[in-house]
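Novice: Here are the chains, one letter per residue:
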Amino acid sequence: MTRGDKILYIVCGLLFAAMALLPLFGASGFLLRTITLALMYAVMALAWNFIGGYTGYSAFGNVAFFGIGATVTGVMMTKMRWDFAPAVLLGGVICSLLSFLIGPALLRLRGHYFAVATLGIANAAREIVAGWDDVTGGGIGLNLPLNTDKDFYTFIYYIFLALTILSAVITYFISRNKLGFGWLAIRENEEGAKALGIDATLYKTLAWVLACFIVGITGGIYAYYNTAISPEAIFNPLYSTTPILITLLGGTGTVVGPILGAMILLPLSTWLLFNFPGIQPALLGIIIILTIIFLPRGLYEYLSGRRKLTLAALLKNPRDNQA
Amino acid sequence: MSTKPLVLQTQGLTKTFGGLMALSNVNMTLHEGEILGVIGPNGAGKTTFINVVTALYPPSSGKIEFLGRDVSVSHPHRMGRIGLARTFQVVRPFRNLSVLENVAVGAMFGAGGAKRSASEAFGRAEQVLTRVGMKDKISADASRLTIPDLKRLELARALAMDPKVLLLDEVMAGLHTAEIDRAVELLKQIHADGISLLVVEHVMKAIKALSHRIMVLDFGKKIADDAPDVVLNDPNVIAAYLGQRYMQRQHEKAG
Numbered sequence: 001m002t003r004g005d006k007i008l009y010i011v012c013g014l015l016f017a018a019m020a021l022l023p024l025f026g027a028s029g030f031l032l033r034t035i036t037l038a039l040m041y042a043v044m045a046l047a048w049n050f051i052g053g054y055t056g057y058s059a060f061g062n063v064a065f066f067g068i069g070a071t072v073t074g075v076m077m078t079k080m081r082w083d084f085a086p087a088v089l090l091g092g093v094i095c096s097l098l099s100f101l102i103g104p105a106l107l108r109l110r111g112h113y114f115a116v117a118t119l120g121i122a123n124a125a126r127e128i129v130a131g132w133d134d135v136t137g138g139g140i141g142l143n144l145p146l147n148t149d150k151d152f153y154t155f156i157y158y159i160f161l162a163l164t165i166l167s168a169v170i171t172y173f174i175s176r177n178k179l180g181f182g183w184l185a186i187r188e189n190e191e192g193a194k195a196l197g198i199d200a201t202l203y204k205t206l207a208w209v210l211a212c213f214i215v216g217i218t219g220g221i222y223a224y225y226n227t228a229i230s231p232e233a234i235f236n237p238l239y240s241t242t243p244i245l246i247t248l249l250g251g252t253g254t255v256v257g258p259i260l261g262a263m264i265l266l267p268l269s270t271w272l273l274f275n276f277p278g279i280q281p282a283l284l285g286i287i288i289i290l291t292i293i294f295l296p297r298g299l300y301e302y303l304s305g306r307r308k309l310t311l312a313a314l315l316k317n318p319r320d321n322q323a
Numbered sequence: 324m325s326t327k328p329l330v331l332q333t334q335g336l337t338k339t340f341g342g343l344m345a346l347s348n349v350n351m352t353l354h355e356g357e358i359l360g361v362i363g364p365n366g367a368g369k370t371t372f373i374n375v376v377t378a379l380y381p382p383s384s385g386k387i388e389f390l391g392r393d394v395s396v397s398h399p400h401r402m403g404r405i406g407l408a409r410t411f412q413v414v415r416p417f418r419n420l421s422v423l424e425n426v427a428v429g430a431m432f433g434a435g436g437a438k439r440s441a442s443e444a445f446g447r448a449e450q451v452l453t454r455v456g457m458k459d460k461i462s463a464d465a466s467r468l469t470i471p472d473l474k475r476l477e478l479a480r481a482l483a484m485d486p487k488v489l490l491l492d493e494v495m496a497g498l499h500t501a502e503i504d505r506a507v508e509l510l511k512q513i514h515a516d517g518i519s520l521l522v523v524e525h526v527m528k529a530i531k532a533l534s535h536r537i538m539v540l541d542f543g544k545k546i547a548d549d550a551p552d553v554v555l556n557d558p559n560v561i562a563a564y565l566g567q568r569y570m571q572r573q574h575e576k577a578g
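Protein sequence lines, in the order shown, are assigned to chains V and G.
Okay, so the first sequence: first residue is 1 according to my numbering, each after it adds one.
Okay, so the second sequence: first residue is 324 according to my numbering, each after it adds one.
Hints in this document: simulated from the structure, not taken from any laboratory.
Some clues are possibly wrong.
[Said to hold, decoys possible] What follows is a set of in silico ranges between Cβ atoms, one per label pair, in the way DEER data are often shown: (1) G/E443 to V/D133: 53 to 59 Å; (2) V/L109 to G/G366: 26 to 32 Å; (3) V/R81 to G/S440: 44 to 50 Å; (4) G/S442 to V/A17: 24 to 30 Å; (5) V/G305 to G/K531: 38 to 44 Å; (6) V/R3 to G/Q450: 24 to 30 Å; (7) V/W271 to G/S440: 43 to 49 Å; (8) G/S442 to V/L109: 31 to 37 Å; (9) V/G120 to G/N350: 45 to 51 Å.
Where a beta carbon is used, it is the ideal one built from N, C-alpha and C, also for glycine.
Okay, chain G solo, but in the shape it has when bound (with noise of 0.2 Å):
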């Protein structure tokens, strides 16, 4: 995995708020074709980290590179043009706007969005619904959608921009069992297609599937980066994150 070229890479990564320090010295790498989990508890600074990457915060200190440029200096829509997408763990849909109209901004504005007219974003967006399996939702307002149905619309919109690199954060959230095992299915089938992921989620079954390499966040620091078994394994994180009953029902269903 390590061969294949870095996409996006932060270096002495650091985000205060006044006095908070939400983000202290983060390196992370993030390779072509791999996918990242990232976990943590509550308040860790996952949520702050994509949103300095995506530069809806500029960062206190540190460098961010993607795609070998140095983006520590950037604005939203210019990440979104060269092929950052995300996701919002809080959705953000344009709710009075078709489900069809919402996906079709994402294909007009995004990484593929310059050689598409509008028209021509339409059909686009068509397939990646179709593909998200919302193709019978598709005239629907957005703000008719259950929660699940807007967290696929926002992974939809972010599809639709032809990204190389999505992060997502907490798409998972709220979702059952069955669901949880489709959207595993569907992120599988994107990185299949070429796009590097990183994935915020609290729901393991889901980062145990997917991660090849998970990192570890608490109080802004990054407190572990390694293969999932090692990473979910470690004293700090089970310490940090996971908990011991976490660990002993592992066992229990190994034993």
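Pulled out of the complex, with its shape left as it was, chain V reads as follows (with noise of 0.2 Å):
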């Protein structure tokens, strides 16, 4: 670990204190829910990082499993009675068996093929969601037990903290551990991974489950948080581009890269519909795409101090590096 890297987790510490007190001296409502919001994509960013950034395999569907999450959640709280807790570990267990049992076969594609198929899933989950009238509620939706508690915003805001903590903590075992190193090779070559003993499909499908297990907390906690629930809502494509712009933004196959993207990102996002209301998308995107050409690997890079800061070097692509 070099010095930047401590740096960083110190300023990520601090962050997470930072939030964790915020409520105590009386926040704005405003202020609490835009952190939610930006804290429930910094956990969607790191699930991914999981299988796009670590093991290198671009997911694009992830909203499947966020749609999924949330419809078990929402049946299960309506129809069954059964409390927010349970609910919402059970639609994390049923992703983590849906992605287990379609993972080995999709995993066995590469590059464009699996991003194009994983895009398939989600429209197939969604179609399926509203189809289902008896149980899902169909093209509607389902509305879920109003919770009038009036701590309630700052309860799931502490939620979405936690489980972002928690994230990044299991992020930051594996990528010391064997796993860690497993998905990395497989990324950077896997036939030359497998060479070496690694059991590149019992590594993927792992982190492909632990993404999609993630991603289906985070849509069943979603769906409480917001109430109702209707297929175009919780299977909107933004949930699986947002995380993947957030973690290019911050670096991906890194601890810290998801979290601070996810701080800079939709922060700013917010305050350019604010500012800029009319052009707000536009602008986003030519912010994307100047992230994409001048810093591939993401901010983690510079502000690590692995990479000087220079016009130099933002100029000299750092593409060029590899064969």
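Could you fit the two chains together into a complex? Lean on the hints.
Specialist: Laid out in structure tokens, this is it:
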């Protein structure tokens, strides 16, 4: 670990501490909700980072599991009168099981083929949920029990904060153990990795199932938070793409990248929406394009001091090093 | 040599790609402590042979035995874990990882990996890199290495796996004379540590310096398998691979 890494870990630690204290100092509801959303995306970015960042499989359909997690939670809480916690957990478990079943087949594909296949899974999941009227409420969706507790939004805020910290800690430990190095080796060269003794199918499936479990849980919490869920809303492709953009901005295959990415991109996006309402999507698009051209490995590389942020470094395409 | 036990053998090994017979009924033996050279013209099936033996491709028919076990149906990672390591002719480095991390992955997952933690694997990787003379490049990204260094990295990763048998696919291609001499020395040391070697190579100087026995493949068939001086004077081998000019030069050097 370099000195730059240590500083970044401390920055993240302080950020978490500040966020933990924020509600105690009477932060406005608007601020809390903005950060809640940023944290929700941070969790999904950390989840995508396992399969997309560390293992190098560009999953483009994680929204499938966001939607399934939300639907399972909704169905269990409305039709079966389950409590929030077990309903959310069941959503996560069902997402893991489904991803475990389709994973070994799906993960035989690579690159664009894998991305398109995951996109297909997301569309299929939306159609099934929208068509299954008796259980899921069809195209209209479900209304979850309304929680009228005055601290409800603070409660959700803390859940997402805890989930972010937990996901980051899991990432940290995995990245320093065999599982993490196995994932990186698969990302860099799968056949080389296999020849060195890495069971690529098992490792890829683990990354995928872990990612889908976390995304499923996040979807379930979102359902309770938002109360009303429709297939249109919970299978919104933005839930797939935003976590990817966040991770790319912060740094793929790193512990702090997804966290910093979320804390930069989402407030920025909200700020742009308020100040340039008409052209906010276009401005976001420009920022994303510039990031991908000039920072293909994300801000992490510069923030950790691995690369000096100079004009020359920005103009020299970092991809040049890769054959 | 042949009194030593067999570590790797194939019987009637055949591999077809559609109508193309890449390997045809190849019987190969490798004894403990042996260095077997494998030569043959381009497209003879040398790399395919390594790919089939390491389970990257399943054989169309025939049998592969490693350390007395039938491994005809296996997976590449399983072969790596039971002590069969290989290098790739077209190198497969982990470009965005450091040299040390590249080799540590070999130490984590190879035959010796089960008993090592990730941090112990880094210690082992450092040892191996010192051994192959790359200690000064430990923290460089693999993407910054030259081809000779990438070939050495490939070898270091395989060594870090603590294999019983090492299959080398043209590790000397692209090296200049002095580098070849150094590589031959290194392979001799590795062999002295008790690792049996199968060396696929076009560099005849290295093949002659290393091999206890040479097997020759041509169009997927084994056309010779004997002591180096016998094989290199075999008219079939001269016709298929070495060529008359090579023989003349050898005679001029000798005379």
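Novice: Now tell me, hint by hint, if it's right for this structure.
Specialist: Results for each hint:
Checked against the given bound of 53 to 59 Å, the beta carbons of G/E443 and V/D133, roughly 57 Å apart, stay inside it. In this structure the hint that V/L109 and G/G366 lie 26 to 32 Å apart at CB holds, the actual value being about 30 Å. V/R81 and G/S440 have their C-beta atoms about 47 Å apart, which keeps the hinted 44 to 50 Å range intact. Between G/S442 and V/A17 the beta carbon distance is about 29 Å. The supplied range of 24 to 30 Å therefore holds.
Distance hint check for V/G305 and G/K531: the Cβ-Cβ separation is about 51 Å, which falls outside the suggested range of 38 to 44 Å. At about 27 Å, the CB distance of V/R3 to G/Q450 agrees with the hint of 24 to 30 Å. Between V/W271 and G/S440 the CB atoms are about 45 Å apart, so this pair conforms to the stated range of 43 to 49 Å. Evaluation of the 31 to 37 Å hint for G/S442 and V/L109 yields a pass: the beta carbon distance comes to about 34 Å.
Restraint check, V/G120 to G/N350: a C-beta distance of roughly 47 Å satisfies the suggested window 45 to 51 Å.
Going down the numbered hints, you'll see the structure goes against just number 5.
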